[in-house]
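Protein chains in written order, with my numbering: chain A, 10 to 253; chain B, 76 to 497.
Worth flagging that the hints you see were computed from the coordinates, not collected in a lab.
We put the beta carbon where it would ideally sit given N, CA and C, even for glycine.
It is possible that part of the hints are untrue.
Stated by the list, open to error - With the Cβ distance kept under 10 Å, some of the chain B side facing chain A (calculated, not the full set):
| hint | residue |
| --- | --- |
| 1 | 234 |
| 2 | 285 |
| 3 | 290 |
| 4 | 319 |
| 5 | 323 |
| 6 | 417 |
| 7 | 419 |
| 8 | 426 |
| 9 | 448 |
| 10 | 453 |
Said to hold, decoys possible - Partial pick of chain A residues on the chain B-facing surface, computed with a CB cut under 7 Å:
| hint | residue |
| --- | --- |
| 11 | 28 |
| 12 | 221 |
| 13 | 235 |
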Amino acid sequence: MSDSSLRLVWVYPDLLSTYGDRGNVLVVERRARQRGLDVARIDVRSDQPVPTSGDIYLIGGGEDRPQRLAAERLRVDPGLPRAVDNGAIVFSVCAGYQILGHEFINDLGQREAGLGLLDVHSTRGEGARNVGDILAEVDPRLGLPPLTGFENHQGVTHLGQGVSPLATVQVGGGNGTGDGTEGAWRDTVFGTYLHGPVMARNPAMADLLLKLALDVSALPPADNTWYDALRGERIAAARQQQSA
Amino acid sequence: MPGTGSEAPAQGGRDASLPARAKIAVTAGRVAAAVSRTAGRGSGSVIGGKVALRLDPDLLAKLADHLDVVLVSATNGKTTTTRLIAEALRAAGPVVSNALGANMPAGITAALAGGSESRFGVIEVDEKYLAGVARDTRPKAIALLNLSRDQLDRAAETRMLAERWREGLKDTEAVVIANADDPLVTWAASSCRRVVWVAAGQAWKEDAWSCPSCGGVMQRPGDDWFCAECGFRRPQPHWALSGSHVYDPQGAAWPIQLQLPGRANLANAATSAAVAAVFGVPPATSLQRMQSVAAVAGRYDVVTYEGRQVRLLLAKNPAGWLETFSLIDGPPTPVVLSVNALDADGTDTSWLWDVDYEGLVGHPLFVMGQRKLDLAVRLEVAGLPFQVVDSLAEAVRTAPQGRIEAIANYTAFQQLRRAVAG
Ligand SMILES: [Zn+2]
Numbered sequence: 010m011s012d013s014s015l016r017l018v019w020v021y022p023d024l025l026s027t028y029g030d031r032g033n034v035l036v037v038e039r040r041a042r043q044r045g046l047d048v049a050r051i052d053v054r055s056d057q058p059v060p061t062s063g064d065i066y067l068i069g070g071g072e073d074r075p076q077r078l079a080a081e082r083l084r085v086d087p088g089l090p091r092a093v094d095n096g097a098i099v100f101s102v103c104a105g106y107q108i109l110g111h112e113f114i115n116d117l118g119q120r121e122a123g124l125g126l127l128d129v130h131s132t133r134g135e136g137a138r139n140v141g142d143i144l145a146e147v148d149p150r151l152g153l154p155p156l157t158g159f160e161n162h163q164g165v166t167h168l169g170q171g172v173s174p175l176a177t178v179q180v181g182g183g184n185g186t187g188d189g190t191e192g193a194w195r196d197t198v199f200g201t202y203l204h205g206p207v208m209a210r211n212p213a214m215a216d217l218l219l220k221l222a223l224d225v226s227a228l229p230p231a232d233n234t235w236y237d238a239l240r241g242e243r244i245a246a247a248r249q250q251q252s253a
Numbered sequence: 076m077p078g079t080g081s082e083a084p085a086q087g088g089r090d091a092s093l094p095a096r097a098k099i100a101v102t103a104g105r106v107a108a109a110v111s112r113t114a115g116r117g118s119g120s121v122i123g124g125k126v127a128l129r130l131d132p133d134l135l136a137k138l139a140d141h142l143d144v145v146l147v148s149a150t151n152g153k154t155t156t157t158r159l160i161a162e163a164l165r166a167a168g169p170v171v172s173n174a175l176g177a178n179m180p181a182g183i184t185a186a187l188a189g190g191s192e193s194r195f196g197v198i199e200v201d202e203k204y205l206a207g208v209a210r211d212t213r214p215k216a217i218a219l220l221n222l223s224r225d226q227l228d229r230a231a232e233t234r235m236l237a238e239r240w241r242e243g244l245k246d247t248e249a250v251v252i253a254n255a256d257d258p259l260v261t262w263a264a265s266s267c268r269r270v271v272w273v274a275a276g277q278a279w280k281e282d283a284w285s286c287p288s289c290g291g292v293m294q295r296p297g298d299d300w301f302c303a304e305c306g307f308r309r310p311q312p313h314w315a316l317s318g319s320h321v322y323d324p325q326g327a328a329w330p331i332q333l334q335l336p337g338r339a340n341l342a343n344a345a346t347s348a349a350v351a352a353v354f355g356v357p358p359a360t361s362l363q364r365m366q367s368v369a370a371v372a373g374r375y376d377v378v379t380y381e382g383r384q385v386r387l388l389l390a391k392n393p394a395g396w397l398e399t400f401s402l403i404d405g406p407p408t409p410v411v412l413s414v415n416a417l418d419a420d421g422t423d424t425s426w427l428w429d430v431d432y433e434g435l436v437g438h439p440l441f442v443m444g445q446r447k448l449d450l451a452v453r454l455e456v457a458g459l460p461f462q463v464v465d466s467l468a469e470a471v472r473t474a475p476q477g478r479i480e481a482i483a484n485y486t487a488f489q490q491l492r493r494a495v496a497g
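Chain A on its own, in the form it takes in the complex:
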């Protein structure tokens, strides 16, 4: 961390905050404060430069046109790549996940360049849109319980050699490539299709980001009563959705 407080950067809430993405910011912030950390939250609008000195960067989902506008603006801003070079943690969801890759299909049906921070590229799926509860087993190296979330996307994301799948789908579509993968990660950069918001459904993921930012292997315990109740309900709902 750069100084005494954790710098939590929310990238482009004006464009990429359509599916409750604010929730991811609020949960990370809340769980940091519950552990006694000072948090400096920095909301970066798309006409402002992305700071390079953040500890955790969150990038949310958005509709197709704002996604293109966000990619156009992020491509000419060196902030986020520099932050990653500095070892910052980046967690991205849906449209934000696609932007972190090499390219995606924009609202005009054209190939739009991303930032190349994750070795993935996204295309548009031919089949039905993936909409519904999703349940996935996380890459065991991350040591997290199963991910639960809500997905709503037409995109298909193909993973290159430079990333690992974030999780393996048990229920739902995930990356949409048919190989059962969901999301991608490399070092400190993460991408997922999960909404819900994902941090509200998976507080252990929020804690993982905090541990990486603080470079510690454990955090003081937090009260997870309601998170756990919600997780139990949604995991059961996903299993039921599958058997239905």
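Starting from the known structure of chain A, arrange chain B with the ligand on it as the hints suggest.
Quick look at chain B with the ligand alone, frame taken from chain A:
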């Protein structure tokens, strides 16, 4: 009484002037509606309309032909505004309206087929169907209130809706009465020939940070808004809501006194006054008539339940919750939040995180509904104390004294209404 809504019986005049095929379609639709009512499937208006439309696809146009049609569309407030406009226009003649909120083409057809000898057709239209209904019914006036995110797991993207409105309405002969404080609505209406701009306010701003025209970042100093890149900006309003007054185009201030609560309903009334003026009904008359509206299809209804007063508030999306939090009685009024995620609600509950819950600080809070655990986590993260309950009865038993405000999304609201009805 003619033209009081979709339940009105058929009488002479209108039907006699319809072409034969349309007449058969109206009759068949009415029979189907009666059957569906007997079978206990709600009001029957939607089913009746579907049968009628299948027999004569031009029926809606034929039914609307003799009416002065007013269309009302928005993400929020369209049912209430439709009711306010209907009340206002009754000063000038009989009105037929889809008062029960059946706002897709079949429901609209059923409502118009049920009314006769009306002068006005005041019609709430689902935002996805506005362009088509406007083409079919050739309205004299169209009121556009607001556009914001709603049921994103299945609905079109918000700006896409604005674009469809813009394309679909650009050749309309209607006077378009549009909210100048909503950039998406303004963009949709600004291609129309005749627009009456109403500064009706819009508390929710999160869907209009990028310019609908060029994508530039919207600048929003105070109540104003503009795009620095392409020059798209807030138009000079003809009518303006200010506190609980509305200023007419001559600059006269008219007090708005409603039984309906909240800023959003003052905005709905201001827009309704502007619509009524298009038909020669002055604000003094229209606003006075609006005062008689106490509840709209159960919304804002204050009921007695288990010996306690409960006010039922319907709010379906972030913008609706934000407006609703601002109209409830102050602390320590107990507040019940109930959320479902059935198909009619949208199955994605992420929107609960788009709303700021600061407006609920100090209220004893009770969460219920199918997705009460989503609410529990949301309030936990907001740092607000709350209690999870299984039913309204349990909330009422536990809540401290005072009238209870019950805020619910679509099917949760219907369940509350059934619960209090016993
Ligand atoms: Zn612009």
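Here is what the structure says about each hint:
Taken as an interface hint, residue 234 of chain B checks out: its beta carbon lies about 6 Å from the nearest beta carbon of chain A, inside 10 Å. Interface hint status for residue 285 of chain B: upheld, as the beta-carbon distance to the closest one in chain A is roughly 6 Å, under 10 Å. With a least beta-carbon distance of about 5 Å to chain A, the hint placing residue 290 of chain B at the interface is held under the 10 Å criterion. Violation of the interface hint for residue 319 of chain B is found here, the shortest Cβ-Cβ separation to chain A being roughly 32 Å, above the 10 Å cut-off.
For residue 323 of chain B, the shortest C-beta to C-beta distance to chain A is roughly 35 Å, which exceeds 10 Å, and the interface hint is violated. The beta carbon of residue 417 of chain B comes no nearer than 13 Å to any beta carbon in chain A, farther than 10 Å, and the hint placing it at the interface is violated. Restraint check, residue 419 of chain B versus chain A: the minimum CB separation of about 15 Å is more than 10 Å; hint violated. The criterion of a C-beta within 10 Å of any C-beta in chain A is met by residue 426 of chain B, whose closest approach is roughly 6 Å, and the hint holds.
Because the beta carbon of residue 448 of chain B sits about 4 Å from the nearest beta carbon in chain A, less than 10 Å, this interface hint is met. Using the Cβ-Cβ criterion of 10 Å, the hint placing residue 453 of chain B at the interface with chain A is satisfied: the shortest such distance is roughly 7 Å. Given hint, residue 28 of chain A at the interface with chain B, holds; its Cβ is 5 Å from that chain's nearest Cβ, closer than 7 Å. Among the interface hints, the one on residue 221 of chain A is violated; its C-beta lies about 21 Å from the nearest C-beta in chain B, farther than the 7 Å criterion.
At its closest, the beta carbon of residue 235 of chain A sits 4 Å from a beta carbon of chain B; the interface hint therefore holds under the 7 Å criterion.
Of the numbered hints stated above, those contradicted by the structure are hints 4, 5, 6, 7, 12, listed in ascending order.
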